[in-house]
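Going down the list, the sequences are from chains A and B. Letter by letter, the first sequence follows residues 0 to 403 of numbering that gives the first Met the number 0. Letter by letter, the second sequence follows residues 0 to 479 of numbering that gives the first Met the number 0.
Hints in this document: simulated from the structure, not taken from any laboratory. It is possible that part of the hints are untrue.
[Unchecked claim] Result set (SDA-like, lysine to any residue): computed pairs, CA atoms no more than 25 Å apart in a straight line:
id, chain 1, residue 1, chain 2, residue 2
1, A, LYS144, B, GLY421
2, A, LYS79, A, GLY100
3, B, LYS228, B, ILE111
4, B, LYS169, A, ALA41
5, A, LYS144, B, LEU473
6, A, LYS6, A, ASP60
7, A, LYS233, A, GLU198
8, B, LYS137, A, ILE256
9, B, LYS169, A, ALA270
10, B, LYS320, B, ASP251
11, A, LYS6, A, ALA41
12, B, LYS306, A, LEU244
[Stated by the list, open to error] Derived coverage of chain A by chain B (criterion: at least 3 residues anywhere in the stretch with Cβ under 8 Å from a Cβ of chain B; other residues may be distant):
id, region
13, 291-301
14, 384-390
[To be verified] Derived contacts from chain B toward chain A, CB cut-off under 7 Å, selection only:
id, residue
15, ASN161
16, THR188
17, VAL190
18, LEU357
19, GLY422
No residue lacks a Cβ here, since even glycine has one placed at the ideal position from N, Cα and C.
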Amino acid sequence: MALKILKPADELEAAQLITNARSEGTRLEIRGNGTKRDIGNAVSADKIISASAMSGITQYDPAELVMVAKAGTLLSEIDKALAKNKQMHVFEPANYGKLFGTNGKQTIGGIAASNMSGPRRYVAGAARDSLLGVRFVNGSGEIIKNGGQVMKNVTGLDLVKLMGGSWGTLGFLTEVSFKVLPRPETQITLAIHNVSDAEGAQLMATAMATSADVTGASHAPADIASQLMNAPVKGGITFMRLEGLKETIGVRCDRVIASLPKGLNIQEIDARASLALWKMIRDVLPFADQDQRPVWRISVAPMSGYKVAAAILNKLEGQVFYDWQGGLVWLRLDDVSNANAQIVRNIVKDHGGYATLIRASEPVRASTAVFQPEIAPLAALSERIKMAMDPSGLFNVGRMSPDV
Amino acid sequence: MTTIEFLKPDANITGRRNAIVEGLYNLLPDECVISDERELVPFETDAFTAYRRLPLAVVLPYTTQQVADVLKYCSTNKIPVVPRGAGTSLAGGAIPQEDAVVIGVSRMTRMIDVDYDNRTAVVEAGVTNLSISEAVSKDGFFYAPDPSSQLACTIGGNIGMNSGGAHCLKYGVTTNNLVGVKLVMFDGTIVDIGGQALDAPGYDLLGLLCGSEGQLGIVTEATVRLIAKPEGARPVLFGFDDAEVAGACVTDIIGSGIIPVAIEFMDKPAIDICESFAGAGYPMDVEALLIIEVEGSDEEMDAMLKKIIKIAQKHNVKNIKESQSATEAAQIWKGRKSAFGATGRIADYICMDGTVPLGKLSYVLRETYKIIEQYGLRVANVFHAGDGNMHPLILHNANDPKEAQAAEDAGMDILRLCVDVGGCLTGEHGVGIEKRDLMLHQFAEIDLNQQMRVRAAFDPDWILNPSKVFPLTLSQRKAI
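Start from the sequences, fold in the hints, and give me the full structure.
Structure representation (structure tokens):
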């Protein structure tokens, strides 16, 4: 049976609805437009509360590098305003719609709550690093503000970070403020052909040790590289993105190339094609295949990525590609009926990382802890934090773990 | 000057002093425990020197396990604990209380691991900020946050206050450069949070810890990001006839899409003080000075400077001086970074740390001068203009109680102003005891109660740095 959807028009109404829910003992599923509903474990809820009716940019002066918007504001609307002023979200918010085969429109609140970040994350930080302030309604129906609109702020406990990536389990976001930055004038990508996964990791590490400011470092084995290049290629490709002023980007390209071993087959990809390429990497398009094969997002140290992938692919059939200098492994498994969480996580654990099951069929998701379980003392701490924010346990029950 | 209230020491604890000291000796090697009154004196305050309290005892452990043993002992016996790095807090974040044990990390100074391929370093909490960059400099890397106290301040203290510095306009503050910690929780449990892998699942505990002023636990090790050093860096001096015009120039540079690595502002009094101390070559015939640093290859720096100079000229910049050598560049920064120390040579001062939206810089500067004039004091302004983080240094004679009080009052007025224009009380120094009672100007009680409930999730009995950050009227209430 479809759940009733509450759509408060403003913060006060949201607070009232949540106060009512608390007194009735009604558990709420919190969402923006629900585009990332398929991520996380199933939520036990009696009603849905959505921020979709709370929309609009409330404050944006490009010279202040800050944008404040109501939580239900569409990312597309925000992107439009930013583009007009040649600015951007430096963390490159990803859009997994095609991965899930859906076409909903993401809200800015959803971006904050999921802390989903794209290729630039490994040098420019995650969504949480750009998130400067939040307003939200806690589980007691109180309207809380934290952070603000300035880039440096150590006034009190940083609940902004806590709300970032909390997947709606701690509060109902009503307004968020993000730092925004000038868009680089242009970009170039270097594609280095015929490179193995291990060689790719070393090339990326070498380039990152230069001052060339590489803002995207990804590697794809031949099968995925062919998809990304839209043409069959024989070997793996390592991609490195440079962004900046037109007059000087060439100098930095030369600096990267000079740092790499001689004799590599390096192709330059121009601005337009580079833009499209990194969007494909950001949105995991190589795995946007209209089916439900499990897709894992594995975060490890950059030099461990290829080792983790090799160990997993030694035991299970599937495909991988890498972002974040090799530290983000996107893994798709061939067996649609089994995410093989134990095998994946045991290998990842040996390398000190985390594996999140981003996509899987419903029965697989229902039987898998989507987020990697925390060690006991931290799980207990998380539960106490949840109690401190949502004492009656109303919000998104079960989404992050059975206990939170 | 005694306007900031201290909690009355708990006689139940101070009365057990000998037993507690003995308990600490049982846990640690003798040289790690300080209990002699004369030897406690160096720990009675931090860089907020107007206030001081002798602690019950000080411990300086060597290892995480020793920190854990002491915390377990203190939490079991409900003894307050005040964590301490190098004691450079300007907000009184490390000032003890008479019934507290100070846990200092100054003996935990090992660099545990440097990993260039993954671009991280693991260091103990007592390692100084600057020594990280020094250790990796020869290989072409650095650690980005650079507070003025970087020679002395520890990474543990930096995490507690989420420290920034001049170069965070481009590279961010501590929270953006920290990827993992080893944390001792209130009850002595040792946990690893984060690490070389980014974005751990679960709540962002690392984000909460940064700037939590030692109230959530004690960090004993940190994993920080290393960044490849730029090919070159060039600070350029821009002199203006009018402080407000200099402020407007900053807004225009940022608005035009240029983000230099640093934009520092100094007004006339600050220029005089710093120049006579450091001989940095600052122009003396201007009312305000911007130090704008660009970095990259020569071509990149030239290209960016060309754009910046064009904007500055629109604002009638009076003189422009590029550093011609590494030595000259170092002199320019030396002048800026010694601003606090140099000011201390000519007068007592308190340093404010409010942050305002960039568009409000000029207005806040003007109002600051008015406020200072009303109190009959002098002020030197030196601050990180690129991110709106203001540092008015209010000069006074601390031996004159009336003047000291006036300075403190003026500072509070300036901070209220920062909040009123949409900014905040503190950008990088922290709340400590200094701004504790102003928190209700920035937050509603309901906001602070929420923060305190989250704090209590980490430290249910409030033994960690208990009288800091939150107004005592709120934190002393049992139920929140």
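Results of checking the hints against the structure:
Proximity of A/LYS144 to B/GLY421 is assessed by CA-CA distance (about 13 Å); at most 25 Å being required, the pair is judged to hold. A hinted pair counts as satisfied when its Cα atoms are at most 25 Å apart, and A/LYS79 with A/GLY100 qualifies at roughly 24 Å. Using a Cα cut-off of 25 Å, the hinted pair B/LYS228 and B/ILE111 holds, with the two alpha carbons roughly 21 Å apart. A distance of roughly 40 Å separates the Cα atoms of B/LYS169 and A/ALA41; the hinted pair therefore is violated under the 25 Å criterion.
Taking the CA atoms of A/LYS144 and B/LEU473, the gap is about 17 Å. The hint holds against a cut of 25 Å. With a CA separation close to 29 Å, the supplied pair A/LYS6 and A/ASP60 exceeds the 25 Å bound. Under the criterion of a C-alpha separation no larger than 25 Å, the hint pairing A/LYS233 with A/GLU198 is consistent with the structure, at around 16 Å. Taken as a hint, the B/LYS137 and A/ILE256 pair is honoured in the structure, with Cα atoms around 22 Å apart against an allowance of 25 Å.
At most 25 Å may separate the alpha-carbon atoms for a hinted pair to count; B/LYS169 and A/ALA270 meet this at roughly 24 Å. Taking the CA atoms of B/LYS320 and B/ASP251, the gap is near 20 Å; set against the 25 Å cutoff, the hint holds. Annotation: proposed proximity of A/LYS6 to A/ALA41 holds, straight-line Cα distance about 21 Å (limit 25 Å). Among the hinted pairs, B/LYS306 with A/LEU244 is consistent with the structure: their alpha-carbon atoms are about 11 Å apart, no more than 25 Å.
Counting residues of the region 291-301 of chain A whose beta-carbon sits less than 8 Å from any beta-carbon of chain B gives 4, enough to reach three: the coverage restraint holds. Coverage of the region 384-390 of chain A by chain B holds [criterion: at least 3 residues with CB-CB distance below 8 Å; count 4]. Because the closest C-beta pair between B/ASN161 and chain A is about 4 Å apart, less than 7 Å, the hint holds. Hint status for B/THR188 relative to chain A: holds, with the closest Cβ pair at about 5 Å, below 7 Å.
Because the closest C-beta pair between B/VAL190 and chain A is about 5 Å apart, less than 7 Å, the hint holds. Among the interface hints, the one on B/LEU357 holds; its C-beta lies about 5 Å from the nearest C-beta in chain A, closer than the 7 Å criterion. This hint holds: B/GLY422 has a C-beta 5 Å from the nearest C-beta of chain A, less than the 7 Å allowed.
The structure does not agree with the numbered hints 4 and 6 stated previously, though it agrees with the rest.
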